[in-house]
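Peer 1: Based on the provided sequences and hints, a complete structural model is requested.
The sequence shown begins at -8 in our numbering and counts up one residue at a time.
Read the hints as simulated data drawn from the structure, not as lab findings. Idealized CB from N, CA, C, for every residue including glycine. Treat the hints loosely; a few may be bogus.
[What the hints assert, rightly or not] Ranges between beta-carbon positions, derived for each pair: (1) R317 <-> K224: 49 to 57 Å; (2) G167 <-> G61: 20 to 28 Å; (3) S45 <-> G286: 43 to 51 Å; (4) E164 <-> E232: 23 to 31 Å.
[Stated by the list, open to error] Below, simulated DSS-like cross-link-like pairs (lysine-lysine); rule was C-alpha separation at most 27 Å, straight line: (5) K(-7) <-> K224; (6) K158 <-> K191; (7) K302 <-> K224; (8) K224 <-> K158; (9) K159 <-> K191; (10) K191 <-> K224.
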Amino acid sequence: MKVVVAMDSFKGSLTSLAAGAAVREGILRADPAAEVLVRPLADGGEGTVEALVSGMGGKLRTVRVTGPLGEGVDCAYGVLGDTAVIEMAGAAGLPLVPAEERDPLRTTTYGVGEVIADAIAQGCRRFLVGIGGSATNDGGAGMLQALGFGLLDAEGRDIPRGAQGLKKLARIETAGALPALVGCRFRVACDVTNPLCGEKGASAVFGPQKGARPADIPRMDAWLAAYAQIAAKAFPGADPEAPGTGAAGGLGFAFRTFLSGELEPGVQIVLEETRLAEALAGADVVVTGEGRLDGQTAMGKAPVGVARLAKARGCLVLALAGGVTRDAGACNGVGIDAFFPAVRGVTTLAEAMDPENARANLADAAEQAFRLLAAARA
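Peer 2: Structure representation (structure tokens):
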């Protein structure tokens, strides 16, 4: 029996590969003759760099860049041949800003551009970029400045960083942009469909969680709209209504407009880049899962991406999770044949998330599920 294991990370507890290794251990206890392949899994958000680097034989590189408030921060990104794997949150994420200092008028994506520039200097020309968890609402202006684009005020000076800088934007110049950008391809993990502006745009929907005051929201929205109009003079294809352009405070718009970035569901990018479809050739059973399986999982999270790919190839799909909610039954309608919680008995959250306990619980749950399969096949 061939089994492919693709587990998402158990955030705060187990990495994707650590969870996969625990499942593999349990499967082999039940069926020592089984062929078990463990593949990395992520959704383009937190943990994507670690999953792809460790699972695909890449390496981590850490670079000192400008943080969201202008301070220096260390950002790690992955290098796999000519491909860089970047999480924008490592340079401009909300967790980098103390709660009392959150203010999208000031926070910048400049460090994201510095990471990209460093990767280009290392020879990378393909980029996988996760843009979740941002602290910013600057439309990607800071990133563009770091890459050499001129975002200038009426007097030809660089605009200030942060969303407040867009108020002064008068024109955009491209002559100083890094020449190598022309040969780069950007796949951007974007799991929201919000446009750049309006009631469903970046400022209105995501601004409050980044510290925006009610009075800031219409101002930032107007600045982003004016920014899009100015961008369209240099890039006629600029479309602030395109789905995902409002992601990460408008960073999605910057990638799509200035860098020809492709905004795609994160799990789709990861599944293609890890070549999971190839691993599924000849597989009988696929095991996937995440820390908590619930109704949101069924709406397209990483385990469902795995399940759909596996069902298209006729595989039985099982899911294991640290916890399972009552609405998780929706997962049965999107490719997961059966799912099982790994936690046994009454426990505290801290105990359940202890890495050693989580590993042991996953292994035990996998063992019992595959003992049942072995008995059914006998």
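Peer 1: Among the hints numbered above, which are violated by the structure, and what are their numbers in rising order?
Peer 2: 3, 5 and 7
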